[in-house]
Amino acid sequence: MIRETTDAVVVGAGAGGGCAAKVLACAGIKTMLLERGEWAKSDVNGEADLCGQRNPALVMGPGRLGARTRTCHFHDNGGWGVVNTWNAACVGSGTVTYGAMAWRFLEKDFRLKSHYGEVPNSSLDDWPITYDDLEPYYYQAECEVGVSGDNGDNPFTAPRRQPFPMPAFALDPESQLFWDVAKKEGLHPFHCSFLRNSVPHNGRPACIHQHFCVGFQCPIDAKNGSQNTVIPVAIKSGNCDLRIRAMVTELLVDDNGRLTGVKYVDENDEVHVVTAKVVVLAAGSNEDARLMLLSKSRLFKNGVGNNHDVVGRNITSHAYIDANGFLDYDLHTDAGPGTGTCIMDFEHDNKGFVMGGMLHTDFRWTPYQVANRQVAGVPAWGKARKDFMRVNYKRFIRICGPIQQIPRWDNRVVLDTSRKDYWGLPFLRALGQEHPNDYKNRVFMAAKARELVEKCGAHDISGSCGWPKDGPSKSWSFGGQHQSGSCRMGTDPRKSVTDKWSRVWDFPNLVMADCSVHVNNGGMNPVLTGMALAFRAAKHIVDNRREVGL
Amino acid sequence: MTRKQFLKCGLTAGAAAGGIAAGWFGAGLVEYMGASPDTPWKAFTPEEAEEVERLAEELIPADEYAPGAKDAKVARFIDWQLAPHRPYEKHLPEYRKHLALSKGRSAAEVEKQFPAFFKMLLAHVNQGYYSHPCQGGNVGFASYRLCGLSTITGRNIPGKENHL
Numbered sequence: 000m001i002r003e004t005t006d007a008v009v010v011g012a013g014a015g016g017g018c019a020a021k022v023l024a025c026a027g028i029k030t031m032l033l034e035r036g037e038w039a040k041s042d043v044n045g046e047a048d049l050c051g052q053r054n055p056a057l058v059m060g061p062g063r064l065g066a067r068t069r070t071c072h073f074h075d076n077g078g079w080g081v082v083n084t085w086n087a088a089c090v091g092s093g094t095v096t097y098g099a100m101a102w103r104f105l106e107k108d109f110r111l112k113s114h115y116g117e118v119p120n121s122s123l124d125d126w127p128i129t130y131d132d133l134e135p136y137y138y139q140a141e142c143e144v145g146v147s148g149d150n151g152d153n154p155f156t157a158p159r160r161q162p163f164p165m166p167a168f169a170l171d172p173e174s175q176l177f178w179d180v181a182k183k184e185g186l187h188p189f190h191c192s193f194l195r196n197s198v199p200h201n202g203r204p205a206c207i208h209q210h211f212c213v214g215f216q217c218p219i220d221a222k223n224g225s226q227n228t229v230i231p232v233a234i235k236s237g238n239c240d241l242r243i244r245a246m247v248t249e250l251l252v253d254d255n256g257r258l259t260g261v262k263y264v265d266e267n268d269e270v271h272v273v274t275a276k277v278v279v280l281a282a283g284s285n286e287d288a289r290l291m292l293l294s295k296s297r298l299f300k301n302g303v304g305n306n307h308d309v310v311g312r313n314i315t316s317h318a319y320i321d322a323n324g325f326l327d328y329d330l331h332t333d334a335g336p337g338t339g340t341c342i343m344d345f346e347h348d349n350k351g352f353v354m355g356g357m358l359h360t361d362f363r364w365t366p367y368q369v370a371n372r373q374v375a376g377v378p379a380w381g382k383a384r385k386d387f388m389r390v391n392y393k394r395f396i397r398i399c400g401p402i403q404q405i406p407r408w409d410n411r412v413v414l415d416t417s418r419k420d421y422w423g424l425p426f427l428r429a430l431g432q433e434h435p436n437d438y439k440n441r442v443f444m445a446a447k448a449r450e451l452v453e454k455c456g457a458h459d460i461s462g463s464c465g466w467p468k469d470g471p472s473k474s475w476s477f478g479g480q481h482q483s484g485s486c487r488m489g490t491d492p493r494k495s496v497t498d499k500w501s502r503v504w505d506f507p508n509l510v511m512a513d514c515s516v517h518v519n520n521g522g523m524n525p526v527l528t529g530m531a532l533a534f535r536a537a538k539h540i541v542d543n544r545r546e547v548g549l
Numbered sequence: 000m001t002r003k004q005f006l007k008c009g010l011t012a013g014a015a016a017g018g019i020a021a022g023w024f025g026a027g028l029v030e031y032m033g034a035s036p037d038t039p040w041k042a043f044t045p046e047e048a049e050e051v052e053r054l055a056e057e058l059i060p061a062d063e064y065a066p067g068a069k070d071a072k073v074a075r076f077i078d079w080q081l082a083p084h085r086p087y088e089k090h091l092p093e094y095r096k097h098l099a100l101s102k103g104r105s106a107a108e109v110e111k112q113f114p115a116f117f118k119m120l121l122a123h124v125n126q127g128y129y130s131h132p133c134q135g136g137n138v139g140f141a142s143y144r145l146c147g148l149s150t151i152t153g154r155n156i157p158g159k160e161n162h163l
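For the record, the sequence lines run as chains Y and W.
Using numbering that gives the first Met the number 0, the first residue of the first sequence is number 0, and each one after it goes up by one.
Using numbering that gives the first Met the number 0, the first residue of the second sequence is number 0, and each one after it goes up by one.
Note that these hints are calculated values from the structure, not bench results.
Quantities reported herein were computed from a predicted structural model and do not represent experimental measurements.
Don't take every hint at face value.
Unchecked claim - Going by beta-carbon spacing under 7 Å, a handful of chain W positions derived as facing chain Y:
id, residue
1, I59
2, P60
3, Y64
4, P86
5, M119
6, Q126
7, Y129
8, S142
9, L145
Here a beta-carbon is modelled for each residue, glycine too, at the ideal position from N, C-alpha and C.
Just chain Y, same shape as in the assembly (with noise of 0.2 Å):
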């Protein structure tokens, strides 16, 4: 065993903990960046398009299947198996491949109980935070890791104290036809922002438009994750000592209920004891809530933060809906990866539920995707086939986006004793299932987004509301991407993880620093709100270093 100390120890270097160890190592602080994969090569993963996000059927991802990387899930229904995260697990983690869609949760978002009222058999809440709270760190995670985008006249956008740092990107043929069909039927197109630069950023140049960007890493570093922007500034600042392949295995708590520091196992099985003064959670919703529950001590037997039993609770994600269909005429040229057109007008207060979701274009879709994609009168295979994807694939065109999901107090993940890790450690299980609420939302959505697929001219449309048609899902959405509010913030213990500033209660240097503390996920992508809370909760520390004893 090899004992060390350091000010501050961060665990895991995704989205949230690279901006964390950003601000705690620029403020001199001495930091420990603890990640289990490793750095992404790009000549490794490259182009591979059966080992992405999208398209697994090879392997999940950078980093995904290594035994000491791997963490699996179980639903509780038992049908899906020994299921992958679909986040990487290297340093910038899912940042490396995302499809980097950058959105500011809505005003609403965040006082959604207030906004609807108490809605039966769901934990829908108020965030002890408000979006004006919030508002200079999204600025902060917009220009730091670098975000382009243009809000036009979408009127349902929370409002901006700065412009974006970059401008849009120039709209892509089929995002152009969507929002002339949108602004048509009397709704609001806008630019979908990115964490990508659409102009050279901070050093680093402008997307070339590739045709696939989602799931791959990019070649010319225009695509802004952790990796590439945040963690080499900690990194230079001379405090950040980032360490690869280390998996955290316990906080550690003495018996007098304080934290002292995290165990670790390096490469080499070596286990390391580091002794800190603050403690930043920042593995995901998943695995902040797996490492709590698994540090038990004598005062914290349910684990830490966990007397009330809250930690794992109300975690949710996204139910994805789409149309997707084919037009008479080629859509696309050789320019990527689409996805500029985006519309909020169902985000909130539609009739019969609460919530809504965003529809956009979506990312072009490779051959091998169009390919798996059956249309009625067209063979499996054989000549018609071929003809078939020669004739259409460009014309393609595809409307999808996530609804937000009402948080539950039952849908949650716990440890499950029977499955081990390669360190002999429980996996996780997944308890729960869909609320109707969210049921009758994707039904809704997915009509929406069929319907204008078929103004946009497409034919043979097929589509999705996501899970079973017929009703509500068995289970909640796995949280494979978008996991969040494993350890929500809020005002009262008893029903929440962590106070308004990402503390977990009784553990004054324990902070989270990433989605786990959502109250609930928004109708898009979450990551640059989890950056935002990431940058607040680091400043918090640094502004109170003396509280902790830095």
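Dock chain W against chain Y, hints included.
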């Protein structure tokens, strides 16, 4: 994970499953950089490979627009994935069994008589033909050309596309 670590990991009790897949990335790189059209089969016997080529060509035949599955080396893609420590290793017995039975039968007959095997074969043939060449199939970007998709800007290694 380096190749050495992978081997070490593979020898560690209980780590085999993870080692296999982690090793896949390393092996994929080696083959992307070094494969030649003469690469010997890694999983199939030459007879089996010929049978896969025959069936695959029926599923995606050559035409005036693009090569078929045989020339796009779809069989090689499948062979690579069936090889030891590769993602489809576990499917090799099924291939072995059915390729012995499918001799002399058309794809339509195989579909009718061995529906489960055919479904898997079709999925793998589509993967081999329509996925990126770095995974072993789609030689010369056959399907990308078929679909009117240029080979990808800024990412291709000059000369490698023909090589593959």
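Of the hints stated earlier, which fail here?
Those not satisfied come down to hint 5.
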